[in-house]
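Read off the chains here:
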Amino acid sequence: MNKEVSFKESRIVGTTILLLGTGFLMSWVPDGNYMLLMFNFLLAFIAGCLFYYFWRTTKHESKRYFSLLSFVMINVIAIHFSIPLLRIYFLTPTFWIGVVMLIIMVTLPYVYARKIAYGVQKPSKSKIGKIYLIYLGFLLSFGGSAYMGSLYTSNADAITLALFTFLGALFLLFLAPILLIKPEEMDELMKK
Amino acid sequence: MKKKRQSRRLSIAFIIAILFWNVLPMVTIASSFTPGKPITPGEVITPGDPITGGNFIAPGEVYDYGKAYNDGAPVDSGGNLNSGTPIIEGSTDSDGQFITPNSPPSLFPILGGDSIQSGDSVQAGDQADTGNAVSGGDSTQAGDGVQAGDQTDAGNAVSGEDSVHGGTGSNGHVPQNGNSSNGDATQGGNGPNGNAAEEGTGSNGDATQGSNNSNADATQGGSDQNGHAKQDGDGSNGNATEGGSGSSGNASAGNATDAEESPSFLNTILNSTKKSDHFIEKVANFAIDVRNYVLNLGDNVAQGLIATAAGFKFNQLADGKYAVYGKNNLNHSIGNWFYNRYRAYDYNGNQTNFGPHARRIGEARYNAFMQSKNLVGTNGMFSATVSSLKSSMNKSWNVFSKSFWKPSTMMKMGGPVGVTLTSVGSISEYSDGFTDFSGLASTDFAASLTTDVAIGMTSTAAGSLASTMGTGALAGSLVPGVGTAIGAVIGLGVGFSTTYFFNGTRPGRKLKEGSVTFFKKGYDAVVDGFNKTKDFVTNSMSKIGNFLKPGG
Chain H
0 MNKEVSFKES
10 RIVGTTILLL
20 GTGFLMSWVP
30 DGNYMLLMFN
40 FLLAFIAGCL
50 FYYFWRTTKH
60 ESKRYFSLLS
70 FVMINVIAIH
80 FSIPLLRIYF
90 LTPTFWIGVV
100 MLIIMVTLPY
110 VYARKIAYGV
120 QKPSKSKIGK
130 IYLIYLGFLL
140 SFGGSAYMGS
150 LYTSNADAIT
160 LALFTFLGAL
170 FLLFLAPILL
180 IKPEEMDELM
190 KK
Chain Y
0 MKKKRQSRRL
10 SIAFIIAILF
20 WNVLPMVTIA
30 SSFTPGKPIT
40 PGEVITPGDP
50 ITGGNFIAPG
60 EVYDYGKAYN
70 DGAPVDSGGN
80 LNSGTPIIEG
90 STDSDGQFIT
100 PNSPPSLFPI
110 LGGDSIQSGD
120 SVQAGDQADT
130 GNAVSGGDST
140 QAGDGVQAGD
150 QTDAGNAVSG
160 EDSVHGGTGS
170 NGHVPQNGNS
180 SNGDATQGGN
190 GPNGNAAEEG
200 TGSNGDATQG
210 SNNSNADATQ
220 GGSDQNGHAK
230 QDGDGSNGNA
240 TEGGSGSSGN
250 ASAGNATDAE
260 ESPSFLNTIL
270 NSTKKSDHFI
280 EKVANFAIDV
290 RNYVLNLGDN
300 VAQGLIATAA
310 GFKFNQLADG
320 KYAVYGKNNL
330 NHSIGNWFYN
340 RYRAYDYNGN
350 QTNFGPHARR
360 IGEARYNAFM
370 QSKNLVGTNG
380 MFSATVSSLK
390 SSMNKSWNVF
400 SKSFWKPSTM
410 MKMGGPVGVT
420 LTSVGSISEY
430 SDGFTDFSGL
440 ASTDFAASLT
450 TDVAIGMTST
460 AAGSLASTMG
470 TGALAGSLVP
480 GVGTAIGAVI
490 GLGVGFSTTY
500 FFNGTRPGRK
510 LKEGSVTFFK
520 KGYDAVVDGF
530 NKTKDFVTNS
540 MSKIGNFLKP
550 GG
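So the sequence lines, in the order shown, correspond to chains H and Y. All residue numbers for the first sequence refer to numbering that gives the first Met the number 0, where the first residue is 0 and numbers rise by one. All residue numbers for the second sequence refer to numbering that gives the first Met the number 0, where the first residue is 0 and numbers rise by one.
Take these hints with a grain of salt, some might be off.
To be verified - Here are the simulated DSSO-like pairs of lysine-lysine, each with C-alpha atoms no more than 30 Å apart in a straight line:
| id | chain 1 | residue 1 | chain 2 | residue 2 |
| --- | --- | --- | --- | --- |
| 1 | H | K62 | Y | K320 |
| 2 | H | K181 | Y | K326 |
| 3 | H | K114 | H | K129 |
| 4 | Y | K1 | H | K190 |
| 5 | Y | K320 | H | K191 |
Calculated from the structure, these hints are not laboratory results. Owing to the predicted nature of the structure, the values given are computational and were not obtained by experimental measurement.
Between the sequences and the hints, there should be enough to build the whole structure, so can you do that?
Structure representation (structure tokens):
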């Protein structure tokens, strides 16, 4: 699968647009803030530049290229997703607990990146994999039902939305470090 | 043994699931705590009895003078300090000799101990009673009344004299004033009091009896505040409209304090916990929950997870073909059912699936599979995004699409069933709880329903788009399987926040209102045109009829 990635296939533009979209939407929760909007857009543009840099340097290794691109994408979306809850509960105990949770989720998965990578791909053989599946199931059922509920009632709740995106951000941060593992190392890991 | 172990694992997973759901409602209930009643002021602290004076402290015996420090000499020797500049002042220390007379003053304060008796002034600490002013702080409750104070202005407008009454009205004890000669004042008073509800209505009655025209107006101002405006106001004076306008603002503010109206956390998650007025609505909400929890998400997530666990994946071969990996069959029959459905896909419009022995496929089939699972094939991101968007929109919203009417879509309550469920809320609202269906013929209803469906479509599209983009980026990475999960989370987040943007933020709501009026104008124009045509036809027919009448 290690063929060369053309610019058309590189997803640089599409992914940057996606990040601009999440940045725009998340700066409206719970209400609009133009400074935050600018910050989110800036983050998306920086990510776009990084994508281009990755493409220039690693386009001959498609797996490595898409992994790096996904890594940056996941991290930016995690930042976008975690801001609403912190804004709603700014400087309250909830805010600080949220900050601590984010710090832990940003650092700890790097230590266990290999275990997580193995667990995520072979969930039945690892405890981390099972926890990942259960968390994912709950996250999707919670978010899905809340989303459908907001569609039916035409009354979306900012706190529910912020809570879901925050939990989603933790999930994304949990998975992000495994994308930094090199393809050769990953092959060896999976042979275990 | 294997089965036993599997069933043990399954049961553990279920226990965790049940525990989780037990904890979640606790959290949600905690979020819906309503504020308690305001603390009513306690009784005024009455001052205690003054401390009766004990026995006077008899002055002790007079201290005998000690011997004077004749040895002032050392102080003089301090004169040695004169060498330093500050010590020059030290020479003033020689006054320290006063220290000796200090001993007699020490006697005086003891005598002055009588002044401790004057500590009765501590009784003046009764001013703590003026701390009652703190109970006056309860007037902070009456802070609501401050809004109502505007109405006292309205009262003033009626007559300059009444303004004086308005002043008295600010005393919370309205009924007295009301019964007093100044019926006007009472009403003015009702305004500032948060307690107006009871007293206000009472005083209004008095006021109308008071028979002063100007007073009567004021009454209405007061009564409006209480929300009883309609009865009282209409009764006594046409001026009620003035009072009504003033009070309506206050009344709404009063309602705003009842936070009961805002949807609780649990309501947002489970539709069936909503306060529905009608049985049909309850059933519909329950059906929505079943659809969300059991049919859609449960099915899709289970399929994906089981397929991942079975090791199902593709790998591109050197000749451009794709190798298919994964177990042929699973031991568990239910697991197998999900697994087989995951391997099913649309190929050139036909439903087909990877059988147990499919091991080598061409690129066309690979693309067809990836697209039907909302993953991305080799055709590039744009076409994959568009096709996945199209299929999700068709299944959920497009009445003219075949898949909209498919039994399998209906089974999942997408398609017609889903649209019906979406409409239940609007229908209930415009049919007075399914009792008076005449409202459904209005263009208001049609415009509101159209906008709701349009927002549903927009957020579905945005979510689906984001999901495809996120999944696609990961499809080429180290861990393609994780892409499905990450894409789902991103898609949900984007779809959800799109709905929020249209319903929860000011510019979004403006857009929504704008489109409702846009649709309404459009529908009105159509209806108007229809009516005109109808009138034209009827008129023409009657003219023709008149013309054909014998003798016409």
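Does H:K62 pair with Y:K320 here, judged by a C-alpha cut-off of 30 Å? Given that 30 Å is the threshold and the Cα spacing comes to 18 Å, the pair holds.
With the threshold set at 30 Å, check whether the alpha-carbon distance from Y:K1 to H:K190 stays at or below it. Distance of about 24 Å is within 30 Å: holds.
For a C-alpha distance cap of 30 Å, please report whether Y:K320 and H:K191 respect it. Distance ~28 Å between Y:K320 and H:K191 Cα, so the pair holds.
Holds or violated: H:K181 and Y:K326, Cα atoms, limit 30 Å. holds (27 Å)
CA of H:K114 to CA of H:K129, is that 30 Å or under? holds (12 Å)
Every hint, counting from the list given before, is met by this structure.
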